[in-house]
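Engineer: Given the sequences, and given the hints that come with them, work out the whole structure.
Here's the letter readout for the chains.
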Amino acid sequence: MYDLSIITNWIHELLLSVMPGWLATTIECVAIGVALLLVYALLALFYIYFERKVCAAFQCRLGPNRVGPLGLLQSFADMFKMLIKEIITLKNVDRFLFALAPYLVIIASMLSFSVLPWGNGLQIIDFNIGIFFLIAVSSIGVLGILLAGWSSNNKFTLIGALRSGAQMVSYELSIGLSVLTMVAFAGTMSVTGIVEAQKDLWFIFSGHIPAIIAFVIYLVAGTAETNRGPFDLPEAESELTAGYHTEYSGMHFGFFYLAEYLNLFIVSGVAALLFFGGWMPLHIPGWDGFNEIMDYIPSVLWFVIKAIVISFVIIWFKWTFPRLRIDQLLNLEWKYLLPINLFNLVLMVLVIVYGLHF
Amino acid sequence: MVSLAIFGIQSSTLAVTAALTGVALVAAALWMAGLLSPRSFNPQKGEAYECGIPTRGESMAQFKVGYYLYAILFLMFDVETVFLFPWAVKVKALGTDGLTAIAVFFGILVLGLVYAWRKGALEWK
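Residue numbers (our numbering), protein chains in the order written: chain E, 1 to 358; chain R, 359 to 483.
Everything labelled a hint here was simulated from the structure, so no lab data went into it. Just so it is clear, CB atoms sit at the ideal spot from N, CA and C, and this is done for glycine as well. Do not rely on the hints blindly, as some may be mistaken.
Derived coverage of chain R by chain E (criterion: at least 3 residues anywhere in the stretch with Cβ under 8 Å from a Cβ of chain E; other residues may be distant) [claimed, not checked]:
| # | segment |
| --- | --- |
| 1 | 381-393 |
| 2 | 445-456 |
Pairwise CB distance ranges (calculated) [stated by the list, open to error]:
| # | chain 1 | residue 1 | chain 2 | residue 2 | range |
| --- | --- | --- | --- | --- | --- |
| 3 | R | W389 | E | L143 | 22 to 28 Å |
| 4 | E | K199 | R | G456 | 24 to 30 Å |
| 5 | R | G392 | E | E13 | 40 to 46 Å |
| 6 | R | Q402 | E | V346 | 57 to 63 Å |
| 7 | R | G465 | E | I27 | 53 to 59 Å |
| 8 | R | G456 | E | F80 | 55 to 61 Å |
| 9 | R | V381 | E | R323 | 32 to 38 Å |
| 10 | R | R414 | E | L143 | 46 to 52 Å |
| 11 | R | G392 | E | I27 | 27 to 33 Å |
| 12 | E | P285 | R | E481 | 37 to 43 Å |
| 13 | E | P298 | R | F421 | 34 to 40 Å |
| 14 | E | Y354 | R | G465 | 43 to 49 Å |
Every beta carbon over 10 Å from chain E, so not counted as near; a handful from chain R, in silico [what the hints assert, rightly or not]:
| # | residue |
| --- | --- |
| 15 | P412 |
| 16 | V462 |
| 17 | F463 |
| 18 | I466 |
| 19 | R476 |
| 20 | K477 |
Structural biologist: Below is the structure:
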């Protein structure tokens, strides 16, 4: 495995040899910020293209194919179009909250984005309570959506925001409990610790039945958390025009759009971290030759490919299932997922305490 | 334990950096949009979009109380989950003794859910 911390340490030493420590730290922070910004924007553009192509394939269409080869430049064109559209400020909105909402949504997704395990030695934020921090910051996003809906002073946005609030808050429980189940199995909350614990075998294999149940629940709850797929009630276009972001125009709307796709990546990234070993290559105990070969594939590639495959499944949900009603949605969470999740936690704890796992 | 991440910088500094990056992204994109986008004024543009019909009454109004019920239930369960996290990290070390201790706590949590269910708080009316 290539340890990328060798490179970052070398850069750090090089900077320290020519300048004082505080200046080196500032330059490194700026570099991290720029890198985050670039990866964030590029991933969002990639996801917009990916979703449209996958959707087209499910509906026997071609999808975007005019702008650039295979339509690859389509999302760049979309982004540019969004930039040159007028930003309309309405008469009756609460101006401060209206302007604040996109900031909250973007900050929440940017913070959780930088907790993900990007590669061996490429962990950006690495608290010893990393996964807990991730749950905490990702729930700031719901505040942004509620503010957007409330401050727009429009009935559709209000209904959309309230639905979104009820839905995200409910499904956050399932996400929290699934994460809790895997934290109990890993015995640590640090992101690096969780990845290291999957050195020999990924959790989905070593945790067998409870881990698989937790994964399925996490996937369903994650889909609801990103307001996608069969759970897209907050922006149900046939009933609420565009839901909570009806009144946002131009680039203002673009931020919600960006954050939605990035949240899809973050949810898949966390699933990859908890169940499929983060950046850890596929290792099978006993197959040493196989493990050696797998180590040659770069860790960044492992993480990104795992996350994209899981996002593909979530996009698949979206184009397969019809939209739920609000009461069905809340019933699914509170009467099915939550009791199953609590039972699964007990099962997992029994498996751990009595050593029934691999 | 102070965990040091990339470049040996403290994680809290990096968290602030990430948050500031988010602010910078929004501010820069809005600034660019301000430079590139056209601007025109029309009194009709300032109206709320409700499918072309003029808006009636105040929109920041009262809404269905059912949403509050779910918010309260969420608070209860979320705080319980937060209390379970420290125990979850040490499940193996605490063993059977820890299991019996947490079973009482967990039992009360499940009883709360059963109570809410029986009272009909989970019905959407």
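Engineer: All hints are to be evaluated individually against the structure, with a verdict given for each.
Structural biologist: Consistency of the hints with the structure:
{"no.": "1", "hint": "381-393", "result": "holds (count 9)"}
{"no.": "2", "hint": "445-456", "result": "holds (count 7)"}
{"no.": "3", "hint": "R:W389 - E:L143: 22 to 28 Å", "result": "24 Å, holds"}
{"no.": "4", "hint": "E:K199 - R:G456: 24 to 30 Å", "result": "26 Å, holds"}
{"no.": "5", "hint": "R:G392 - E:E13: 40 to 46 Å", "result": "42 Å, holds"}
{"no.": "6", "hint": "R:Q402 - E:V346: 57 to 63 Å", "result": "60 Å, holds"}
{"no.": "7", "hint": "R:G465 - E:I27: 53 to 59 Å", "result": "54 Å, holds"}
{"no.": "8", "hint": "R:G456 - E:F80: 55 to 61 Å", "result": "57 Å, holds"}
{"no.": "9", "hint": "R:V381 - E:R323: 32 to 38 Å", "result": "34 Å, holds"}
{"no.": "10", "hint": "R:R414 - E:L143: 46 to 52 Å", "result": "29 Å, violated"}
{"no.": "11", "hint": "R:G392 - E:I27: 27 to 33 Å", "result": "29 Å, holds"}
{"no.": "12", "hint": "E:P285 - R:E481: 37 to 43 Å", "result": "49 Å, violated"}
{"no.": "13", "hint": "E:P298 - R:F421: 34 to 40 Å", "result": "50 Å, violated"}
{"no.": "14", "hint": "E:Y354 - R:G465: 43 to 49 Å", "result": "20 Å, violated"}
{"no.": "15", "hint": "P412", "result": "12 Å, holds"}
{"no.": "16", "hint": "V462", "result": "13 Å, holds"}
{"no.": "17", "hint": "F463", "result": "12 Å, holds"}
{"no.": "18", "hint": "I466", "result": "12 Å, holds"}
{"no.": "19", "hint": "R476", "result": "12 Å, holds"}
{"no.": "20", "hint": "K477", "result": "13 Å, holds"}
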